[in-house]
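Quick note, the sequences are listed as chains A and B, same order. Numbering follows our numbering, with no gaps: position 6 of the first sequence is 28. Numbering follows our numbering, with no gaps: position 260 of the second sequence is 262.
If you are wondering where the hints come from, they were derived from the structure by calculation, not from laboratory data. By construction, the Cβ of each residue, glycine as well, lies at the ideal position given by its N, Cα and C atoms. Wrong hints could be hidden among the right ones.
If you only want the chain A side, here are some residues facing chain B, beta carbon under 10 Å, derived [what the hints assert, rightly or not]:
1) Tyr124
2) Lys134
3) Gly234
The calculated lysine to any residue pairs, modelled on SDA-like cross-linking and capped at a C-alpha distance of 25 Å, are [said to hold, decoys possible]:
4) A:Lys161 <-> B:Val18
5) A:Lys134 <-> B:Asp297
6) A:Lys161 <-> A:Arg101
7) B:Lys148 <-> A:Lys268
8) A:Lys268 <-> A:Ala85
9) A:Lys108 <-> B:Gln301
10) A:Lys134 <-> A:Arg101
11) A:Lys161 <-> B:Lys148
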Amino acid sequence: MNRITNKFNELNEKNRIALVTYITAGDPSLEVSEDIVLQLEESGADIIELGVPFSDPMADGPAIQLASERALESGTTLRGVLNTVKNIRKTSQVPIILFGYYNPFFHYGLEKLAKDAAEAGADGILVVDLPPEEAPEFKVHTDKAGLNLVFLLAPTSTTERVELIADNASGFVYLVSVTGVTGVRPDMNYSLDDLANQIKRTTGLPVGVGFGVSSPEQVEEIAEYGDAVIVGSAIVRIIEQHGSNKDILLKELSGFIGGLSGACNKPELRQKEKAK
Amino acid sequence: MDTKTLLPDQMGHYGVFGGRYVSETLMPAILQLEEAYKEIKDDPKFHEELNYYLKEYVGRPTPLYFAQRMTEKLGGAKIYLKREDLAHTGAHKINNTIGQAILAARMGKKRIIAETGAGQHGVATATVAALLNMECEIFMGSEDTKRQSLNVLRMKLLGARVREVTQGTQTLKDAMNEAMRDWITNVRDTFYIIGSVAGPHPYPMMVRDFQSVIGKEAREQILEKENSLPDLLIACVGGGSNAMGLFYPFLKDEGVKITGVEAAGVGVDKGLHAATISAGSVGVLHGSKTYLLQDDDGQIKGTHSIAAGLDYPGVGPEHSFLNDSGRVNYTNVTDGEALEGFKFISEVEGIIPALETSHAVAYAMKIAPTMSKDSTMIICLSGRGDKDINTIAELMESEASQ
Chain A
23 MNRITNKFNE LNEKNRIALV TYITAGDPSL EVSEDIVLQL EESGADIIEL GVPFSDPMAD
83 GPAIQLASER ALESGTTLRG VLNTVKNIRK TSQVPIILFG YYNPFFHYGL EKLAKDAAEA
143 GADGILVVDL PPEEAPEFKV HTDKAGLNLV FLLAPTSTTE RVELIADNAS GFVYLVSVTG
203 VTGVRPDMNY SLDDLANQIK RTTGLPVGVG FGVSSPEQVE EIAEYGDAVI VGSAIVRIIE
263 QHGSNKDILL KELSGFIGGL SGACNKPELR QKEKAK
Chain B
3 MDTKTLLPDQ MGHYGVFGGR YVSETLMPAI LQLEEAYKEI KDDPKFHEEL NYYLKEYVGR
63 PTPLYFAQRM TEKLGGAKIY LKREDLAHTG AHKINNTIGQ AILAARMGKK RIIAETGAGQ
123 HGVATATVAA LLNMECEIFM GSEDTKRQSL NVLRMKLLGA RVREVTQGTQ TLKDAMNEAM
183 RDWITNVRDT FYIIGSVAGP HPYPMMVRDF QSVIGKEARE QILEKENSLP DLLIACVGGG
243 SNAMGLFYPF LKDEGVKITG VEAAGVGVDK GLHAATISAG SVGVLHGSKT YLLQDDDGQI
303 KGTHSIAAGL DYPGVGPEHS FLNDSGRVNY TNVTDGEALE GFKFISEVEG IIPALETSHA
363 VAYAMKIAPT MSKDSTMIIC LSGRGDKDIN TIAELMESEA SQ
């Protein structure tokens with residue numbers, strides 16, 4: 023079985039949600055990215071999203087745009103990112119998801135990418151600008167290679183789109199925020215936890231929630247209804263600030279991730295601990 | 003080519019090109035737009051309103067002008083100019099913005115955004131926003147705000163907010179990235195008017211349909227004047243909206259040869275250029291699969307053209323399809339050749355064209371002398387050159403000092 027599914031099963035038994043952490047590979051360099059991933063795991067991250075930098079990150083805010091620029095300036099290529107995954111696998115079994123835009127993947131060759139990514143030890147791929155309608159040409163190869171294809175859903179997603187993604191997704195579903203828009207859907211006054219529960223029922227997959235999360239309090243809130251919390255920009259900003267000094271950077275990340283990990287207990291577990 | 007098949011297909015594909023490669027956050031908006039467009043496409047009331055504005059406000063039909071002196075000087079084919087420079091705001095762009103703005107109003111959207119390179123699409127969008135009383139914000143690369151400062155001022159005078167984009171190469175592609183980000187953020191009340199036959203489905207189809215008025219008129223006008231179809235159509239291609247608009251109504255006329263002219267910048271084999279079809283490879287950018295200028299790792303390359311409106315690393319997906327099917331021939335001319343075209347038509351015909359348009363003129367100067375005197379060609383004179391006067395002045399100054 024896939025490392026991602028294993029991880030969710032394992033955490034479920036412990037009454038915890040998964041802490042999913044995003045970094046842009048190659049920011050500040052691929053060598054340091056390797057150390058960062060190992061540090062994230064040691065500090066309590068359960069799943070790693072490894073961003074593949076792209077020259078035109080249309081769906082990202084300023085923090086990740088700048089991280090992409092720094093990564094490309096440091097000479098990062100998709101080939102290099104796959105090599106980094108291979109290196110991490112020498113010492114770690116943390117689930118890894120490649121996270122990027124379609125063009126670098128398409129240009130590399132879809133069949134070759136799925137094969138090479140699986141061989142390097144990646145567990146899944148999330149392509150930001152590949153909706154399920156256009157996904158079959160890639161899915162046939164990720165399926166064959168045994169990679170999960172992870173899809174996004176948004177608060178604006180309609181019931182039909184949730185169903186469409188249920189037919190295509192594997193691993194988990196990533197529920198993203200729409201900046202400046204509250205967690206209310208246009209068709210009905212769904213709250214976010216209703217939407218997460220609907221997605222869980224429809225897809226039968228765990229739901230990860232990423233809403234510009236940067237504090238343990240937000241993680242606790244998401245633990246009420248989500249199966250995973252995704253933290254991206256906040257980590258990328260720490261890397262931006264301390265990228266030039268690895269020791270300080272790893273220490274800062276350790277403290278930050280430790281705090282978030284401590285908040286990943288599901289309500290049941292939290293009550294039990296209170297009772298003690 | 004099978005001209006009977008209607009393109010794009012249901013999913014917005016032109017052969018292997020096109021499609022909808024966007025983030026899930028945008029999919030509901032794009033599907034909603036597609037539905038709304040389907041509804042108005044065959045709605046006589048919509049077309050009545052559109053045609054009213056095209057006639058009374060834009061000034062259509064634009065003339066198909068016989069360029070007698072240019073024809074004589076070049077000594078070959080009879081040259082006709084489709085005078086889109088005479089449309090309101092000075093370029094073809096308004097054919098599309100007026101259509102999309104009426105659609106936006108019908109969808110109940112209160113705010114319009116757009117990307118712009120040369121500023122012509124920005125001006126055309128700001129204009130229709132003023133006309134229909136909508137809030138308007140235009141995204142423009144800071145490189146382009148400098149070289150097209152006149153159009154920045156025009157947009158501001160029309161009541162639009164101009165957002166200078168400082169990311170990346172600070173040109174059209176980055177303006178489009180930023181407009182997409184804004185749309186993702188404000189998708190509920192905002193309508194994104196894309197200015198070219200690019201972007202995710204239904205944009206390439208919708209923009210083509212609105213711009214097709216160019217080719218429909220030109221076809222009627224040439225039949226009236228010459229009693230026969232033209233031998234050749236020429237238009238410049240950046241994203242390719244004026245070209246698609248002229249070409250589309252002639253695609254089934256097999257005797258009509260069609261050439262799209264891309265920007266070769268300083269030279270396709272010499273360095274920076276924007277000749278996407280001539281020198282690019284297939285990839286995915288801004289929502290569709292099409293030819294792109296990219297490096298070995300699939301990163302989008304920086305481009306260069308003297309014409310800001312052609313300075314773009316992609317091209318509309320239907321152009322990619324028409325290239326591969328062989329129906330349209332794509333070629334390119336350099337900055338220097340475009341400047342020659344600019345000067346020539348200004349002096350010979352008293353028409354100062356946009357630098358984008360000058361690329362089509364430059365190719366006509368090469369090809370017209372090789373054609374027989376009883377043959378005819380139509381050049382899409384897509385826009386006027388007032389916006390480029392500063393660029394030209396600088397070039398003339400630096401030429402004079404050398």
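Problem set entry | Violations among the numbered hints | 2, 3, 7, 11
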